[in-house]
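There are 2 protein chains.
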Amino acid sequence: MRERAKDPERHARRMDAKQKIMQERIARAQKEQGVLLVLTGPGKGKSSSGFGMVARALGHGMKVGIVQFIKGAFSTGEEAFFRDLPNVDYHVMGQGYTWDTKNREQDVEAANAAWDVAAAMLKDNSYGLILLDELNIALKYDYIDLDRVLDDLQGRPEMQHVVITGRSAPAELVDLADTVTEMGVVKHAFKDQGIKAQKGVEL
Amino acid sequence: MRERAKDPERHARRMDAKQKIMQERIARAQKEQGVLLVLTGPGKGKSSSGFGMVARALGHGMKVGIVQFIKGAFSTGEEAFFRDLPNVDYHVMGQGYTWDTKNREQDVEAANAAWDVAAAMLKDNSYGLILLDELNIALKYDYIDLDRVLDDLQGRPEMQHVVITGRSAPAELVDLADTVTEMGVVKHAFKDQGIKAQKGVEL
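One line per chain: the protein sequences are A and B, in this order.
When we follow my numbering, the leftmost residue of the first sequence carries the number 1107, and every step to the right adds one.
When we follow my numbering, the leftmost residue of the second sequence carries the number 1107, and every step to the right adds one.
Be aware that one or more of the hints could be misleading.
The list treats identical chains as interchangeable, and a pair is accepted whether it falls inside one copy or across any two copies.
[What the hints assert, rightly or not] In silico SDA-like cross-links for lysine to any residue, where the CA-CA straight-line distance does not exceed 25 Å: (1) 1293 to 1129; (2) 1126 to 1279; (3) 1293 to 1257; (4) 1229 to 1252; (5) 1126 to 1293.
The hints are simulated quantities; they were obtained by calculation from the structure and are not laboratory data.
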């Protein structure tokens, strides 16, 4: 396999075929519209990916809205980094992790207050991209009415991009989404190998 | 299922059990060390996730090194956003997409020059986190010697975090990594639904 990969003619032919496929795809893909992207599954990197897309959107000069539906007891690096940037509106739901509160009513109230913030962003076409971080958790526990969420997402401005993260995305949300990535665990330092959760990567 | 999820006692018990598991895991996880994280698979969000971790590390005051092993013809939003930040050293490999160059020798040369930059970062403990974006592609095509890469990664400062992205991560790299996420495609707007690749999310 290695030797074949090094054959320059074969390599050029393969790259040529690949280039053709890419060009055809680009030609076919002509719908200009805001994309609804869902990042789900048990693997590491869902929220990070959402925040990377925030950075990319900011790099393109867009205004970005961020609503975090689950917040740790400690302030996160993302919050420290993004909160005070121009072009960023950053909202964090007013409770700790669900498994620290143990109070369903309080969680429901906090989640719905956070959704009110998100819903207002989803009506405002000045936001080019909205990140709804860990929304899937709030949906999984039925903290927020799924139909309300789906309606607000569908009613948003045509060019607005939305990124939703969290494991266990509901099937109805997956159906509505344009792109869905399922992140699977192959190995996990924190769970499998006893490596301490750390600042910087917080695994 | 929905009804059971709404039973407050059951909910409190479940959250209680979850909290215990989390506490046990945190108690067990006491190795303080830099983590090698690999984000691979065909799904959307690998590079974004790496850039999100860059933002998180910067939020914690770390110095970050970024080397991009594949560069598109156009400047990316991430580059525009991160390149000129203090605490960021940003290096982009000096060629277009491999399927645009069709010249194996040129690709090998460019990839190795980029690895030289990465290798120097991997010897410098002032970098808290290093992102090697799309390195897996360069390894897949044998542009860079895998043993050299593995040696440099293993020889890095103990507390340095490294994030490597790209589909088709080699098995030897997966073995060396602490955490590996495989990103699977559930749906893809660009491929499946003819939605145009756009600034902001670039799907």
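Now for the hints, and whether the structure bears them out:
1. 1293 to 1129: between (36 Å within a copy, 20 Å between copies)
2. 1126 to 1279: neither (33 Å within a copy, 31 Å between copies)
3. 1293 to 1257: So residue 1293 and residue 1257 pass the 25 Å test across copies only (21 Å; inside, 37 Å).
4. 1229 to 1252: within (18 Å within a copy, 50 Å between copies)
5. 1126 to 1293: between (36 Å within a copy, 22 Å between copies)
Comparing the model with each numbered hint stated earlier shows that hint 2 is the single one that does not hold.
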